[in-house]
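Following the hints, put chain X in place on chain B, whose structure we already have.
2 protein chains.
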Amino acid sequence: MSISGFPELLPTQRFAELAVLDRLRGVFELHGFAPIETPAVESLDQLLRKGEIDKEVYVLRRLQAEDSDTNDSGLGLHFDLTVPFARYVLEHAGHLEFPFRRYQIQKVWRGERPQTGRYREFTQADIDIVARDVLPFHHDVEIARVMAEALSALNFLPPLRLQVNNRRLIEGFYRGLGATDVPAVMRAIDKLDKLPAQAVATQLVDDAGLTAAQADQCLALAEIRSTDTSFVERVRALGVTHELLDTGLAELAAVLDGCAELTGGRVTVEADLRIARGLDYYTGTVFETRMSGYESLGSICSGGRYDALASDGKVTYPGVGISLGVTRLLLPLFADGVVSASRAVPSAVLVALPDEDARASSDGIAQALRARGIATEVAATPQKFGKQIRYAERRGIPFVWFPGGGGHAGHTVKDIRSGDQVDADPSSWTPPADDLRPQVTTKD
Amino acid sequence: MSISGFPELLPTQRFAELAVLDRLRGVFELHGFAPIETPAVESLDQLLRKGEIDKEVYVLRRLQAEDSDTNDSGLGLHFDLTVPFARYVLEHAGHLEFPFRRYQIQKVWRGERPQTGRYREFTQADIDIVARDVLPFHHDVEIARVMAEALSALNFLPPLRLQVNNRRLIEGFYRGLGATDVPAVMRAIDKLDKLPAQAVATQLVDDAGLTAAQADQCLALAEIRSTDTSFVERVRALGVTHELLDTGLAELAAVLDGCAELTGGRVTVEADLRIARGLDYYTGTVFETRMSGYESLGSICSGGRYDALASDGKVTYPGVGISLGVTRLLLPLFADGVVSASRAVPSAVLVALPDEDARASSDGIAQALRARGIATEVAATPQKFGKQIRYAERRGIPFVWFPGGGGHAGHTVKDIRSGDQVDADPSSWTPPADDLRPQVTTKD
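In order, the protein sequences belong to chains B and X.
276 is the number that the numbering used here gives to position 275 of the first sequence; each next residue is one higher, with no gaps.
396 is the number that the numbering used here gives to position 395 of the second sequence; each next residue is one higher, with no gaps.
Since the hints were derived computationally from the structure, they do not count as laboratory data.
Treat the hints loosely; a few may be bogus.
Since the list gives no way to pick out one identical chain from another, each pair is judged satisfied if it fits inside one copy or across any two copies.
[Stated by the list, open to error] Below, a list of computed lysine-lysine pairs in the BS3-like style, where the Cα atoms sit at most 30 Å apart: (1) Lys444 x Lys315; (2) Lys385 x Lys315; (3) Lys315 x Lys388; (4) Lys444 x Lys385; (5) Lys385 x Lys192; (6) Lys315 x Lys195; (7) Lys388 x Lys192; (8) Lys195 x Lys385; (9) Lys444 x Lys192.
Isolated chain B (complex conformation):
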């Protein structure tokens, strides 16, 4: 009875997802990002302001509204966390200190027809920095660093490439080349993921009005990538000059320099001059992220710089941010069995129950363990100990505690994986750190 497009996890998977969310939150807070949460809904006016995604909005109506013709509430579920954040900044500007760093980890909804890899409900984790009037460029570097560090903390994921480009760089290049319809060039270049280079070249000529030689130059630019600043020299070698290009090259080089110490492990930060994010409203730095072995997912973490994240007509709020698609990232890994958790319950210990009269005593042992942070449950019924051990086994609980005669004496605890059984005191025994909580597990 699952509803198509609305994923639902079993407890082991939810443990893994919570581990992801906790680690993200930990890194974001270490960098001074404050948590915010916005309602699931925004007014339709807010949601449709940019006009292009109206097909994807779920509108709310009260089931028993009185007037059936006008029963829409005027509210829709948010389809991203950027529109709500822009509204939040304007609404609460008087109570916020700028530059304002926020993270926001929430569900979003899109009323799409479901298809493989598309969800109608999914979790995103966004970080943004927004300022009043002017947002210094170094915050672009900061956003890249924080997300690279957050992705590195998810050390059970396949290798990731955080790809960075700069709209000023490519716009300056296209203008320096003589292109007049820059958006059309970006839209064509954006298709390099899906179309062969020759087809894109044709579009550059047919739709963007370039000569064949200009189109080749654009494709040559799009082929450049590097994990250090060597891309600058390769762009220069194409012989195009423009003031915007200079700015863009300097900015992109600064991001790569700023991330140099973070790259090379599980997360690689690289300049990739093919990244355009043609349909979005970015004005400088742009980000996308690919996961090794899961390239068909497209970008699982994207963002960039907006010169006007929000504006109330008097004050403009520039911003830079990046959004990680948590569901988009995790569900394929769950489906492939690549990522899971070590057990289905938080409990590290099951306290056995010799008979029903011993429940208070077994409860007391459990409370002593819990008081020291050890998640513990007590057997539900006083079955034979072999059955109680199998009860623990089915849940993945690693330890079974056998109560002693009373007080602190005579207790034993058994690691049911190894069969080792040792004397133990409920006021001092502690499981190995790895057994204390469910651990994220990977296939290899």
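Chain X alone, transformed into the frame defined by chain B:
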């Protein structure tokens, strides 16, 4: 531009809310409750199964659905976490181990006309234990203990009374008394919160068909409350006998005994024989919770035992659970300024920036502090130090770090509240534990 009924918090309040959610989660997991999350939506069939709350459901439709007459998606936002959990149990029964303990902390939505104290979006924290066929009574005690412990962990709340009663007890009493329409008696008794006793007595006679003497007995029962098992004797003294009454008295006494060691601090567990929860489908233990000074909120944490939480026609799943209204509890405390957090950002330290060229060096200091779990930000611009200190002050950041000449020498850190400034090493200096993260604060 806030949307009525959809509360939105500022960062300090969100820190306090997150502290609440983290502590609840911590206690629930210590007791072996596994986390689950269900989609925001259920099919309307599921949501309307019980038929009584249909006015409150928000239905979803795709904004640009093709057929405007049948454009409802057949989906509605869940209005509680019990209906989704019952569906989850049936859907995933083959993958769950019973008894299954789960906690679920999520938003729910009700399409009500907003009024004071009513929200259209709010967060609930539910715990339930569900079994296949039979759920031993001791799990009722367990649920009461776990929620009492969780509420005790919220040590910044006003005192709370967790009130327990038992449907078998009151039903047995009413039947022993000769009542034939027990639901009508419960509905009348349920109104004791809002109506004077005399008005309820009149309803007991007029609507439930009792004699005036029987009505007086019902009111006498409803007046009984105790924080120990002395209520048993007082009920017996009313002279009514019935087999169900005996069972109910024994069960309620067991809950009070089981919670004896937990009561008496900030949370009092008490038998309150007025609690009926007339409109809900409970069959044994019932819970409500009142917060001192906020009695007008009604019950902020309610639940009980269902003999059939879910059923697929072949197997029945009895359950016992309790649901804490997190938003309902916190928003009045925020509004009154009773609960808040110590700052608006996670940062414990602001690293000052002598000039823009020093940014890499200040970033390095920040990274050294973060590596040891100290949330740190770097000043946005190289203003005069006085301005940078005020920047920290406005955010509530307690410490400002002044970089030394290079390496580990010459650094100082200033507590901007006291003005104390000391030499410090970024690889070893640590703030006091209370300053490490934003703390929940209370008025007194």
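To see whether the hints hold, each was checked on the structure:
no.: 1; hint: Lys444 x Lys315; result: neither (54 Å within a copy, 37 Å between copies)
no.: 2; hint: Lys385 x Lys315; result: between (75 Å within a copy, 28 Å between copies)
no.: 3; hint: Lys315 x Lys388; result: between (71 Å within a copy, 25 Å between copies)
no.: 4; hint: Lys444 x Lys385; result: neither (34 Å within a copy, 53 Å between copies)
no.: 5; hint: Lys385 x Lys192; result: neither (65 Å within a copy, 48 Å between copies)
no.: 6; hint: Lys315 x Lys195; result: neither (42 Å within a copy, 51 Å between copies)
no.: 7; hint: Lys388 x Lys192; result: neither (59 Å within a copy, 48 Å between copies)
no.: 8; hint: Lys195 x Lys385; result: neither (61 Å within a copy, 52 Å between copies)
no.: 9; hint: Lys444 x Lys192; result: neither (34 Å within a copy, 58 Å between copies)
When the structure is compared with the earlier hints, violations turn up for hints 1, 4, 5, 6, 7, 8, 9 and for no others.
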